[in-house]
Amino acid sequence: MITIDREKCIGCGECVDVCVFGSISMKDNHPIISDDCRLCGSCAKVCQYNAIEIKREKKKKVTDWRGILIFGEQRDGVILEVVYELLGKGRKLADSINEPLLCVILGKFVAEINKLALYGADEIHYFEDVKLESFNCEIYSNIISNFIKKIKPSIFLIGATSIGRELGPRVAAKLKTGLTADCTGLEVNKEGLLVQTRPAFGGNIMASIICPNSRPQMATVRPKVMKKLEAKEREGKLFNHVVNSELIDSSIKILGEIKFNGQCDINNAEIIVSGGLGVGKKEGFDLLEKLALELNGVIAASRPAVDAGWADPNIQVGMSGKVVQPHLYVACGISGAVQHRVGMETSDVIVAINKDERAPIFDIADFGIVADLYDFIPKFIQNLKNSKAQI
Amino acid sequence: MNIIVCLKQVPDADEVKTDPETGRIVREGIKGTVNPFDMFILEEALRLKEQFGGKITLLSMGPKDAIHTLYYGLAVGADEGYLLSDSKFAGSDTLATSYALSCAIKTLGLYDLIMCGIKTTDGDTGQVGANLAELLDIPSVYYVNRILSYQNDFIKVERFLEDRSQILEVHLPCLISIIKGANVPRMPTLEGKIEAEGKQLKILNAFEVNAIEKYCGIEGSPTRVIEIFLPEKRKKGVILKGCREQNITKLIQFLKNKKISIFGMCS
Ligand SMILES: Cc1cc2nc3c(=O)[nH]c(=O)nc-3n(C[C@H](O)[C@H](O)[C@H](O)COP(=O)(O)OP(=O)(O)OC[C@H]3O[C@@H](n4cnc5c(N)ncnc54)[C@H](O)[C@@H]3O)c2cc1C
Ligand SMILES: Nc1ncnc2c1ncn2[C@@H]1O[C@H](COP(=O)(O)O)[C@@H](O)[C@H]1O
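Chains as they are written, first to last, in the numbering used here: chain G, 1 to 391; chain F, 1 to 267.
Because the hints were derived from the structure by calculation, they are not lab data.
Some clues are possibly wrong.
As the list claims (entries may be wrong) - In silico lysine-lysine, DSS-like type, Cα no more than 27 Å apart, as pairs:
(1) F:K202 / F:K235
(2) G:K281 / F:K106
(3) G:K228 / F:K156
(4) F:K258 / G:K108
(5) F:K250 / G:K355
(6) F:K241 / G:K27
(7) F:K88 / G:K227
(8) G:K322 / F:K88
(9) G:K379 / F:K156
(10) G:K379 / F:K236
(11) G:K45 / F:K88
(12) F:K214 / F:K55
(13) F:K256 / F:K55
(14) F:K106 / G:K290
(15) F:K256 / G:K174
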């Protein structure tokens with residue numbers, strides 16, 4: 001609950017300015033808090049007169065939950081990179097609080113299960129069954145939540161893949177606990193709580209979030225946000241679990257699965273060549289495709305380029321498309337509207353090619369070329385070919 | 001087929017501005033709009049209704065003016081709408097939101113299918129759908145691209161995961177989300193807008209949907225925001241003009257310095 005002490009308040013209005021949610025307005029020289037207040041405490045902090053008080057109900061402390069658990073997502077028996085990345089982060093967190101790092105993995109014929117130890121896991125909990133070969137959200141969430149209730153980890157981290165995004169909220173709801181999506185930062189604070197930082201409101205602000213009274217503290221993290229450790233000989237215990245037959249009963253039947261051959265999803269791509277309205281025509285994307293091929297990357301597009309039918313909706317980057325975080329993002333004929341930027345701004349390196357030197361994309365590009373993309377790209381491709389030939 | 005479509009009102013993205021000094025979202029005068037990702041579930045629901053008959057019920061939780069979002073849905077062809085609005089729901093995180101929606105759905109009666117968007121442009125979590133399905137104890141399938149068939153309490157769907165598609169048969173009732181590109185959402189017509197005026201549109205409070213207070217709003221939200229700050233801004237980089245040979249050489253050198261392998265790989 002948030003209360004304003006009208007005696008102490010002098011009506012300076014500092015609190016109105018500091019509220020990022022816009023939940024405070026002034027009436028009769030006193031602040032009024034609207035219903036959408038999130039109790040973040042920014043206003044109480046800024047008030048020099050201590051006129052704002054936030055009371056939070058003290059709930060009983062949760063103490064008997066220990067350890068950090070990572071979801072070991074596999075596909076066709078191959079463990080995903082994001083699992084090693086989470087193990088890297090998990091290892092650091094685990095060491096800082098002196099708790100074990102665990103990994104739970106569901107599947108059939110998972111080949112490199114021992115690699116999980118090399119990248120940091122103290123314990124590997126393996127559920128093996130043919131019914132676990134492909135992802136079935138019902139079955140996976142049943143087994144995992146059951147397992148969590150038994151071993152009681154304090155933290156549970158999941159890669160924000162298509163599978164993780166569906167599994168996470170399902171498990172969280174079963175356990176009646178919180179889940180923070182797409183965290184970019186994870187730290188344990190002095191009270192031993194996991195502080196989860198994520199972009200909010202389309203990346204305009206960052207929010208730090210905690211889950212004080214329920215366990216486990218759950219978060220999803222996008223691929224490539226965390227860094228994996230160097231592989232090292234480490235003792236990791238493998239536990240083989242028997243799958244309880246009741247838990248693999250499901251109202252979902254997997255009739256078939258088709259792998260997309262060779263094609264790399266933009267979420268996982270290291271290098272992306274992206275085209276916008278400036279590409280001007282569908283055939284223009286053939287040129288981008290050539291550049292992508294030369295750079296060994298994949299193509300993506302802005303929304304208007306997708307809407308024009310030049311590119312597949314699956315490869316749209318931005319607020320109403322996908323958020324990508326490649327090593328290199330080459331923006332061709334893209335103006336850099338905020339709705340596009342939120343989808344690519346966290347790329348390691350941004351290169352922009354645009355003929356308008358005032359295009360906002362140049363405000364965030366590490367390297368910008370003011371030129372017509374139809375002049376520039378063919379030359380760029382030729383130069384890339386030449387410089388490769390020299391190696 | 002009776003379908004419940006969960007629509008959320010989000011700030012119109014064209015207009016979201018932040019005060020560069022304070023990072024505060026400037027909300028004055030900003031209109032709400034239907035979450036762009038919810039357009040695809042709405043369209044898919046309309047197509048199912050055209051094919052199999054039945055009823056489309058819209059459900060939204062939010063402030064009173066979120067009613068405009070429901071009007072939009074009614075104008076394109078949904079049959080009725082309910083807005084969950086109560087100060088008790090204020091400050092809900094995804095679990096508390098799903099709880100409120102689940103209470104409403106339980107009071108609304110029988111349904112075959114629930115649809116949620118893959119994510120919202122403001123909350124941007126994509127969690128409400130699966131949260132909700134779990135609270136209702138029904139199966140969920142995210143990222144559906146096509147509904148292949150509907151027969152005797154089963155639907156067959158194709159859904160996309162990054163590197164593959166799955167064909168699933170699911171027992172109804174169930175919850176699905178639909179990806180962008182699965183369909184092209186229609187626009188409301190003038191006729192539709194006039195018809196919408198005559199359709200049932202009701203505001204419900206927490207009491208009317210039997211929501212227990214301690215599971216609602218801030219109290220029912222396990223997560224809590226403790227700090228808000230501005231993200232680090234990217235620095236402006238090098239900008240070169242024209243296609244001269246030396247510019248290209250500089251770019252390639254730059255990429256090499258940044259350790260970008262031009263033989264990069266796709267992992
Ligand atoms: C709710 C909502 C959601 C949205 N979601 C997204 C989203 O997810 N993704 C997204 O991208 N957008 C999104 N948008 C749209 C966004 O606001 C912009 O309209 C869009 O990003 C602009 O796309 P663009 O840069 O390709 O086109 P433009 O803004 O038209 O820019 C084209 C650029 O190409 C340059 N150019 C033209 N010809 C050439 C040439 N021959 N060589 C080099 N440069 C050239 C021009 O100088 C210009 O800067 C959304 C908008 C709304 C309202
Ligand atoms: N307040 C709400 N009212 C109705 N539906 C919602 C609400 N919040 C989320 N949803 C639904 O859940 C989907 C995912 O939202 P989110 O988890 O917030 O990204 C949305 O596309 C909606 O279909």
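A quick look at each hint next to the structure:
1. F:K202 / F:K235: Judged against 27 Å, a Cα distance of about 50 Å means the pair is violated.
2. G:K281 / F:K106: Distance of about 50 Å is beyond 27 Å: violated.
3. G:K228 / F:K156: Distance ~39 Å between K228 (chain G) and K156 (chain F) Cα, so the pair is violated.
4. F:K258 / G:K108: Distance of about 40 Å is beyond 27 Å: violated.
5. F:K250 / G:K355: holds, 18 Å
6. F:K241 / G:K27: Judged against 27 Å, a Cα distance of about 53 Å means the pair is violated.
7. F:K88 / G:K227: violated, 41 Å
8. G:K322 / F:K88: With a Cα-Cα distance of about 33 Å, the restraint between K322 (chain G) and K88 (chain F) is violated, given a limit of 27 Å.
9. G:K379 / F:K156: violated, 49 Å
10. G:K379 / F:K236: With Cα atoms ~25 Å apart, K379 (chain G) and K236 (chain F) stay inside 27 Å; holds.
11. G:K45 / F:K88: holds, 25 Å
12. F:K214 / F:K55: Since the Cα atoms of K214 (chain F) and K55 (chain F) sit roughly 33 Å apart, the hinted pair is violated (cutoff 27 Å).
13. F:K256 / F:K55: violated, 59 Å
14. F:K106 / G:K290: violated, 54 Å
15. F:K256 / G:K174: Between K256 (chain F) and K174 (chain G) the Cα gap is close to 48 Å, so the pair fails against 27 Å, i.e. violated.
Hint violations for this structure: numbers 1, 2, 3, 4, 6, 7, 8, 9, 12, 13, 14 and 15, all remaining hints satisfied.
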